[in-house]
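One-letter residues, chain by chain:
Number of protein chains: 2
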Amino acid sequence: MSVAQMTRPTMNVTVQSNIDDGPAESAADRHRYDAHALRDLTSRIVQGYGLSAHDGDVVADVLSFADTHGIDSHGLQRFQLYDAQMGNKIDPAAQSEIVVDTPVSTVIDGHRRMGQLNGRQAMDMTIAKAKKTGMAIAAVRHSCHYGAAGYYANLAAEQGLIGFSVTNTEPAVYPLYANDVWLGTNPIACAIPTRPHAFFFDASTSVVAYGKVELYSKQRKDLPAAWVVDPNNQPIHDSTDALGRLMRYDNEAGLLATGGNSEYTGGHKGYGFSVLVEFFSGIVSQGATTDRTAVGDPVEGISHGFMAIDPRIFGDADTILRNFSEYLDQIRALHAVPGKRIYVHGDKEAEAYEDRMTNGVPLYHKTVAELRGICDRLGISYAGVLDH
Amino acid sequence: MSVAQMTRPTMNVTVQSNIDDGPAESAADRHRYDAHALRDLTSRIVQGYGLSAHDGDVVADVLSFADTHGIDSHGLQRFQLYDAQMGNKIDPAAQSEIVVDTPVSTVIDGHRRMGQLNGRQAMDMTIAKAKKTGMAIAAVRHSCHYGAAGYYANLAAEQGLIGFSVTNTEPAVYPLYANDVWLGTNPIACAIPTRPHAFFFDASTSVVAYGKVELYSKQRKDLPAAWVVDPNNQPIHDSTDALGRLMRYDNEAGLLATGGNSEYTGGHKGYGFSVLVEFFSGIVSQGATTDRTAVGDPVEGISHGFMAIDPRIFGDADTILRNFSEYLDQIRALHAVPGKRIYVHGDKEAEAYEDRMTNGVPLYHKTVAELRGICDRLGISYAGVLDH
Chain A
1354 MSVAQMTRPT
1364 MNVTVQSNID
1374 DGPAESAADR
1384 HRYDAHALRD
1394 LTSRIVQGYG
1404 LSAHDGDVVA
1414 DVLSFADTHG
1424 IDSHGLQRFQ
1434 LYDAQMGNKI
1444 DPAAQSEIVV
1454 DTPVSTVIDG
1464 HRRMGQLNGR
1474 QAMDMTIAKA
1484 KKTGMAIAAV
1494 RHSCHYGAAG
1504 YYANLAAEQG
1514 LIGFSVTNTE
1524 PAVYPLYAND
1534 VWLGTNPIAC
1544 AIPTRPHAFF
1554 FDASTSVVAY
1564 GKVELYSKQR
1574 KDLPAAWVVD
1584 PNNQPIHDST
1594 DALGRLMRYD
1604 NEAGLLATGG
1614 NSEYTGGHKG
1624 YGFSVLVEFF
1634 SGIVSQGATT
1644 DRTAVGDPVE
1654 GISHGFMAID
1664 PRIFGDADTI
1674 LRNFSEYLDQ
1684 IRALHAVPGK
1694 RIYVHGDKEA
1704 EAYEDRMTNG
1714 VPLYHKTVAE
1724 LRGICDRLGI
1734 SYAGVLDH
Chain B
1354 MSVAQMTRPT
1364 MNVTVQSNID
1374 DGPAESAADR
1384 HRYDAHALRD
1394 LTSRIVQGYG
1404 LSAHDGDVVA
1414 DVLSFADTHG
1424 IDSHGLQRFQ
1434 LYDAQMGNKI
1444 DPAAQSEIVV
1454 DTPVSTVIDG
1464 HRRMGQLNGR
1474 QAMDMTIAKA
1484 KKTGMAIAAV
1494 RHSCHYGAAG
1504 YYANLAAEQG
1514 LIGFSVTNTE
1524 PAVYPLYAND
1534 VWLGTNPIAC
1544 AIPTRPHAFF
1554 FDASTSVVAY
1564 GKVELYSKQR
1574 KDLPAAWVVD
1584 PNNQPIHDST
1594 DALGRLMRYD
1604 NEAGLLATGG
1614 NSEYTGGHKG
1624 YGFSVLVEFF
1634 SGIVSQGATT
1644 DRTAVGDPVE
1654 GISHGFMAID
1664 PRIFGDADTI
1674 LRNFSEYLDQ
1684 IRALHAVPGK
1694 RIYVHGDKEA
1704 EAYEDRMTNG
1714 VPLYHKTVAE
1724 LRGICDRLGI
1734 SYAGVLDH
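Chains as they are written, first to last, in this note's numbering: chain A, 1354 to 1741; chain B, 1354 to 1741.
No lab work stands behind these hints: they were computed from the structure.
Here the structure is a predicted model, which is why all the values come from computation and not from measurement.
One or more hints might be untrue.
A pair counts as met if it fits within one copy or between any two copies, since identical chains are not told apart.
The calculated lysine to aspartate or glutamate pairs, modelled on DMTMM-like cross-linking and capped at a C-alpha distance of 25 Å, are [said to hold, decoys possible]: (1) Lys1574 <-> Asp1387; (2) Lys1693 <-> Asp1533; (3) Lys1574 <-> Asp1729; (4) Lys1485 <-> Asp1454; (5) Lys1693 <-> Asp1583; (6) Lys1484 <-> Asp1454; (7) Lys1693 <-> Glu1723; (8) Lys1484 <-> Glu1511; (9) Lys1571 <-> Glu1704; (10) Lys1442 <-> Asp1729; (11) Lys1719 <-> Asp1533; (12) Lys1693 <-> Asp1603; (13) Lys1485 <-> Glu1511; (14) Lys1719 <-> Asp1682; (15) Lys1693 <-> Asp1740; (16) Lys1693 <-> Asp1436; (17) Lys1442 <-> Asp1671; (18) Lys1571 <-> Asp1650; (19) Lys1574 <-> Asp1650.
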């Protein structure tokens, strides 16, 4: 939660987000901004909606984690969404409620607090329980967008535990061979403490996350593969057209699940993982599955899941984690396809973190303009932070 | 373990295996054989290697589960592999050893017993612990091929619990952008008790399992998509060529991870899930990761992982599981792409089970010939079972 934490030498990181870092990093597209200053500004903006300084810092920590680790789709470019939801989908005055509390499990009703606050509470409780019992699990209902799933998994890894987090989202994905938008992008994140940085897996169960389509639209680039299809399973390549159709929620487009639009390429696998995410978020919490997250007034909200496992329940944790670190080093050293580098999950984010803590966080002009507009409306100064 | 269990009306089921059931079911290719008779014969064959009647029944139950549920790649067509490994990779006289035993966790050294025996022991212990503590986990090292991962997950679902199982395998898969065969096909299975049959997800983290390439080769069909690539990431379409290269282990071919051969199609996701399977099997058990399973004399053997969760730790289990059943029914009823049906994971296997318990299990001529040869060598009668 502190700046000290953000500057620790051991870094943790998502491959999901970084697949287009090349073009996205071009200096012409983005200016760089100081990570600490952005984090402070984010907390002040959150407090501008009436939340406490503590809560502002929690939300800022989650967003800063994403921005500093190259998970651009889940950093400050998301803030426009939170601003639009504040006071309707998000209740800035809400308090959460613990509805199940056993030695190994927690269920929280988030009462539509900001998702970051519910997520942090649930994962902190899960980590504490796993340290006592060996493993623990949690689910949250009636929540809101909680940022990068990997943030919560990483909280466990920072304390020597194996962490998992999943969340459902708003409807965006066609189940295989359906053309009703029904499933969320439903990420699965896992972090495991290793050297030199955590193994960090954070992947939507769709081919890409919603935010990736947004990023391509902001960059005015065509989608490079079959990420979004029309109701006949035909790919849509124009990113702005695809995004527009997705945002109208009129079933004229859907993201594909990981594996694509046929069983022959494994589309049933992403679809199956996505349903598992629905189970461990919306079903076990007795909240809303993705298809019902936007139903009602106030809306039902989304649901999250969390798990932590203490590696000591398998034996000597140091040996286990050292063996895993060595195993990952062996993968990094394999022969590569000509012209390619072999990454382990977390490597790209660790490199992004090193770069961005030194050189600043790159933000798109559009994102900066959105943040300035929010600050102006709330009467918050961004002087010294978003000047250029 | 009993025939009664096999004929119960509630069935549990893998989408993974059934994607080519259409052509594979053609009467010209396969005769049908009585499921109970095959199961009995399988147990007698296993006993022919010197194993006990109990152990023979366990192995037969696992293989029969696959064959009766349409998971053809992991049924009796696997037996040739077991026969070839018996006495070298598989030690028919071995006993397993429990090396970690806590209220929530188990680690077993399988001492190269047949994988089904180690898997069944580990999952039975995990189910018993989860019933007491709410959730439990296990890992097995120094084991052998254990059949369909979903069998073990399903044992939990039959008792009202959520079950998981994973296993590593022999090397078959290139990590994304590597051209050393390093990872296994590494399936992830999960079963959840629902009506009218369990939600049953059992998917290799490669585009397809190894056995699927074998099936296509037996059928002399080309691979229908980019399942296997050469060291330059180029797809190999001839199934017999692909299988031959995979079986030579000379790095001249590798299966792709789910998501394919690029980050743009999600190849890093299947690769990441595959590494997680290595962690929860070979790493936490302090056994062998896939790359080392065939090292040594005797070989290190493969590793498995298991987990069970009691849904009562989230609240009223009946409500939770009823809600999930209704949710899955809603998916089945969505609008479909023209000409397609929407399946929920487990539907195809439930239908296969109903058909095969009534009409018999279809086996390829090649599989029947293999089984007859084994019986002849061991002096076991297959009269009345494999007559045609």
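Tested hints:
For the homomeric pair Lys1574 and Asp1387, neither the shortest alpha-carbon distance inside one copy (27 Å) nor that between copies (58 Å) is at most 25 Å. When the C-alpha separation of Lys1693 and Asp1533 is checked against a cutoff of 25 Å, the pair qualifies only between copies, where the shortest distance is 13 Å, while the shortest distance within a copy is 38 Å. Taking the shortest Cα distances, Lys1574 and Asp1729 never come within 25 Å of each other, neither inside one copy (30 Å) nor across copies (65 Å). For a Cα distance limit of 25 Å, the shortest separation of Lys1485 from Asp1454 qualifies both inside one copy, at 14 Å, and across copies, at 16 Å.
Taking identical chains as interchangeable, the C-alpha atoms of Lys1693 and Asp1583 lie at most 25 Å apart only when they sit on different chains, with a minimum of 15 Å there against 32 Å within one chain. In the homo-oligomer, the alpha carbons of Lys1484 and Asp1454 lie at most 25 Å apart both inside one protomer (15 Å) and across protomers (17 Å), since each shortest distance falls under that limit. When the C-alpha separation of Lys1693 and Glu1723 is checked against a cutoff of 25 Å, the pair qualifies neither within a copy, at 36 Å, nor between copies, at 43 Å. In this assembly of identical chains, the alpha carbons of Lys1484 and Glu1511 lie at most 25 Å apart only when taken from the same copy (13 Å versus 30 Å across copies).
Proximity of Lys1571 and Glu1704 under a CA criterion of 25 Å is satisfied intra-copy only: 24 Å inside one chain copy versus 47 Å between copies. In the homo-oligomer, the alpha carbons of Lys1442 and Asp1729 lie at most 25 Å apart inside one protomer (22 Å), although the nearest pairing across protomers, at 70 Å, exceeds that limit. Taking the closest pair of Cα atoms, Lys1719 and Asp1533 never come within 25 Å of each other, the shortest separation being 31 Å inside a single copy and 43 Å across copies. Taking the shortest Cα distances, Lys1693 and Asp1603 sit within 25 Å of each other only across copies (21 Å), while inside one copy they are farther apart (40 Å).
In this assembly of identical chains, the alpha carbons of Lys1485 and Glu1511 lie at most 25 Å apart only when taken from the same copy (17 Å versus 29 Å across copies). Proximity of Lys1719 to Asp1682 under the C-alpha cut-off of 25 Å is found in neither arrangement, the shortest distances being 39 Å within a copy and 42 Å between copies. Taking CA atoms no more than 25 Å apart as the test, Lys1693 paired with Asp1740 passes in neither setting, with 38 Å inside one copy and 54 Å between copies. In this assembly of identical chains, Lys1693 and Asp1436 lie within 25 Å of each other by CA distance neither inside one copy nor across copies; the values are 40 Å within and 41 Å between.
Neither within a single protomer nor between protomers do Lys1442 and Asp1671 lie at most 25 Å apart by alpha-carbon distance, with minima of 44 Å and 30 Å respectively. Taking the shortest alpha-carbon separations for Lys1571 and Asp1650, neither the intra-copy value of 31 Å nor the inter-copy value of 58 Å comes in at or below 25 Å. Neither within a single protomer nor between protomers do Lys1574 and Asp1650 lie at most 25 Å apart by alpha-carbon distance, with minima of 37 Å and 55 Å respectively.
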